[in-house]
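Residue numbers (my numbering), protein chains in the order written: chain A, 1 to 359; chain B, 1 to 312.
Treat each hint with caution, since some may be false.
Here are some chain A residues the structure puts well away from chain B; computed CB gaps all over 10 Å [what the hints assert, rightly or not]: (1) Val145; (2) Val172; (3) Val286; (4) Glu357.
Calculated lysine-lysine pairs in the BS3-like style (CA-CA distance at most 27 Å, straight line) [claimed, not checked]: (5) A:Lys233 <-> B:Lys121; (6) A:Lys233 <-> A:Lys218; (7) A:Lys233 <-> A:Lys182; (8) A:Lys139 <-> B:Lys91.
Worth flagging that the hints you see were computed from the coordinates, not collected in a lab.
Remember, it's a predicted structure, so these values are computed and weren't measured experimentally.
Ideal placement from N, C-alpha and C gives every residue a C-beta, glycine not left out.
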Amino acid sequence: MKRSKFIVKYFDLIRIISAVIIGFLLALVFLYFISDNPLNAIRAFILGPFESKRRFFNVIELAIPLLFTSLGMCFMLKVGEFNLIVEGGFMLSGAVVAWLASTVLPAGLPPVVYPALLIVVGAVVGAICGLIPAMLNIKWRANVVVITIMLNYVLTYASTYILRYWMRDPSVTYLGSHRIAKNAKLHGLLRGTDLHTGLFIALAAVLFTWWFFYRSTKGFEIRVTGNNRNFAKYVGIRVTSAMLLAQIIGGALAGMGGAVEILGKYDRFLWVSQTGYGFSGLMISVLALNQPAAIPFVALLFAYLQIGANIVGTTTDVPSEFVMVIQAIIILLVAATLFMDFLRRRAVIKISKAEEEGK
Amino acid sequence: MLEQFFTLEYLTSFLISVIRMSTPLIFCALGALIANHAGIINMALEGTMLMASLVAVVISALTTSVLGGILGAILGGLFISLLFAYLHLNKQSDLIITGIALNTFASGATVYLLFLLTGDKGTSRLLQSLSVPNWNIPLIKDIPFLGKVLSGHNALTYVAFLAVLVTFILVFKSRLGLRLRAVGFNPNAASSVGISVKKVKFQAFLLSGLFASLGGAFMSMGYLSYFARDMMAGRGFIGIAAATLAGGQSLGALLASLGFGAANATSITLATLNLNADLVAMIPYLATVIGLVIVSARKLAKAKKKGQGIDF
Chain A
1 MKRSKFIVKY
11 FDLIRIISAV
21 IIGFLLALVF
31 LYFISDNPLN
41 AIRAFILGPF
51 ESKRRFFNVI
61 ELAIPLLFTS
71 LGMCFMLKVG
81 EFNLIVEGGF
91 MLSGAVVAWL
101 ASTVLPAGLP
111 PVVYPALLIV
121 VGAVVGAICG
131 LIPAMLNIKW
141 RANVVVITIM
151 LNYVLTYAST
161 YILRYWMRDP
171 SVTYLGSHRI
181 AKNAKLHGLL
191 RGTDLHTGLF
201 IALAAVLFTW
211 WFFYRSTKGF
221 EIRVTGNNRN
231 FAKYVGIRVT
241 SAMLLAQIIG
251 GALAGMGGAV
261 EILGKYDRFL
271 WVSQTGYGFS
281 GLMISVLALN
291 QPAAIPFVAL
301 LFAYLQIGAN
311 IVGTTTDVPS
321 EFVMVIQAII
331 ILLVAATLFM
341 DFLRRRAVIK
351 ISKAEEEGK
Chain B
1 MLEQFFTLEY
11 LTSFLISVIR
21 MSTPLIFCAL
31 GALIANHAGI
41 INMALEGTML
51 MASLVAVVIS
61 ALTTSVLGGI
71 LGAILGGLFI
81 SLLFAYLHLN
91 KQSDLIITGI
101 ALNTFASGAT
111 VYLLFLLTGD
121 KGTSRLLQSL
131 SVPNWNIPLI
141 KDIPFLGKVL
151 SGHNALTYVA
161 FLAVLVTFIL
171 VFKSRLGLRL
181 RAVGFNPNAA
191 SSVGISVKKV
201 KFQAFLLSGL
211 FASLGGAFMS
221 MGYLSYFARD
231 MMAGRGFIGI
241 AAATLAGGQS
251 LGALLASLGF
261 GAANATSITL
271 ATLNLNADLV
281 AMIPYLATVI
291 GLVIVSARKL
301 AKAKKKGQGI
311 DF
């Protein structure tokens, strides 16, 4: 009886943890059957991220951009829009910020003010990226998924355009921008790692998102709009403005993420193709059931899987891409509403039977 | 500089390029169209095509048979479609999340498999895979200008044009098509007259995947002679947009695909002129966005005139 009640109460959590465990076991099976030295590969995947200080902090460093993109996606999903511009907005903001910090603005701007200014610029660029598809969708009902996936390609090429024609450093052999000004960069936190103060900005963004959705009126309106538009309209919420606001903030978070990532981890702008952080953000937000408080944990999990896979990719004979398959499978399981539903059904029947007898 | 565009030779090669670039889009748009008729947005077409084009290359190399390759493509594509159909229909998965996850799945799985088979993560050039032959159409090939444009294309290109007709018959002249449209139009009504909504949607998923698979086969056995990582580059979504533009008509899907194919061909032609490569590469995607917005706006205006569908 107690067990049944537990199952019903924590059903979502049980499902998600089971999905992650299944995904993880599948990863081990993949590694086991493919690698010539399976134990080594499995070890690299599971323990690799903990084996050195640098690797361990790589996980946390990777979680920073993932936090921004998943919070951005959280805003989109909360209002019920699959606005995937987070991917392109992240990249374009990174490019614009790198351009400003490497070629436009004077290098002598004061340290703390400089990156703060740039992060604001990144947020504005991201907000505009979020606004455009939102407008096209609200005004003309254009399918937001297709529009944003197409726009992501446009933004990717816009970024490489900026790189190639506005800020390319001809003195380096590869395609890279001029050096980003020292004062513009985010401060490092720990010697021997690339961890930077962007971590605090990311955590502040988590707090903001939680506060916004659960403590502010606008956030409440967005949640209601996402749950049931007709109901939202009936109780007097301005649905279109809620939709716009959510997608603007979502884009802004992605833009901040791009800026923080560039200013925290790079000396030059080097991205020539989509980073994939936007799509990871979507998956993280889905897996966290759009709960801002759960997002940091899932983001860490994704970062851990990715770093583990990277280690497998560089130290063994298995390509790191297997982790994409694993992540996709976890999402497929979680998105399947009826996955493990038998458990819940059985528990509900047990409880109602017991109540019947109790009468 | 621009004069060279107006020579007959240039026009011929441009039109050939349009037809070539349109082929995968036609297949994909038809697949999307069939799904749309049954009330499904098949967001996994990109992944379906990608998986199809890898399996096509692998099977054609293993069996040293072109037909084997095409069957392989269908197998690979149907695998994704079947998975999608099962998850959506039996496990009540969200169409968009599942579609996007399946695209990620296909993107990762193809690179993974490619590496296992060839040791290369970029292309399948190490595999001795075959290409679908080009066909010269008798009689037509002898017409002076048209012959050059219309004849000598990849066999799958002609299959694509044929598929437009097949889709038309399938959707508008067959029992299955009638059921498909009934289910898409009003599932409750369809179910009340004894149509199994689930079964019909399942068939729609499979047909949709079948058409997209052929598009995938064209990409790795015609457009290129090998598989390359993420080689669809958004074509699955351009196909979905083309189907939306078509408003349910297969001829419309053909025209929309040719339009987007033309945008693609323009982009390639301009790139050879030393124009700015990054800006030129945006053309097909911008064209898709603009086309989609215009058609959506017109649809909305029509609905408003009728006094319906204004609200979200």
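Hints, one by one, checked against the model:
Not every C-beta of chain B lies more than 10 Å from that of Val145 (chain A), the closest at about 6 Å, which undercuts listing it as non-interface. Residue-level check passed: Val172 (chain A) sits 19 Å from the nearest beta carbon of chain B, beyond 10 Å. With a cut of 10 Å on Cβ distances, Val286 (chain A) falls inside the contact zone with chain B, its closest approach being about 6 Å. No beta-carbon of chain B comes within 10 Å of the beta-carbon of Glu357 (chain A); the shortest separation is about 32 Å.
Between Lys233 (chain A) and Lys121 (chain B) the CA atoms are separated by roughly 51 Å; this puts the pair beyond 27 Å, and the hint is violated. Taken as a hint, the Lys233 (chain A) and Lys218 (chain A) pair is honoured in the structure, with Cα atoms around 14 Å apart against an allowance of 27 Å. Proposed proximity of Lys233 (chain A) and Lys182 (chain A) is contradicted: the alpha carbons are some 50 Å apart, above 27 Å. At most 27 Å may separate the alpha-carbon atoms for a hinted pair to count; Lys139 (chain A) and Lys91 (chain B) exceed this at roughly 34 Å.
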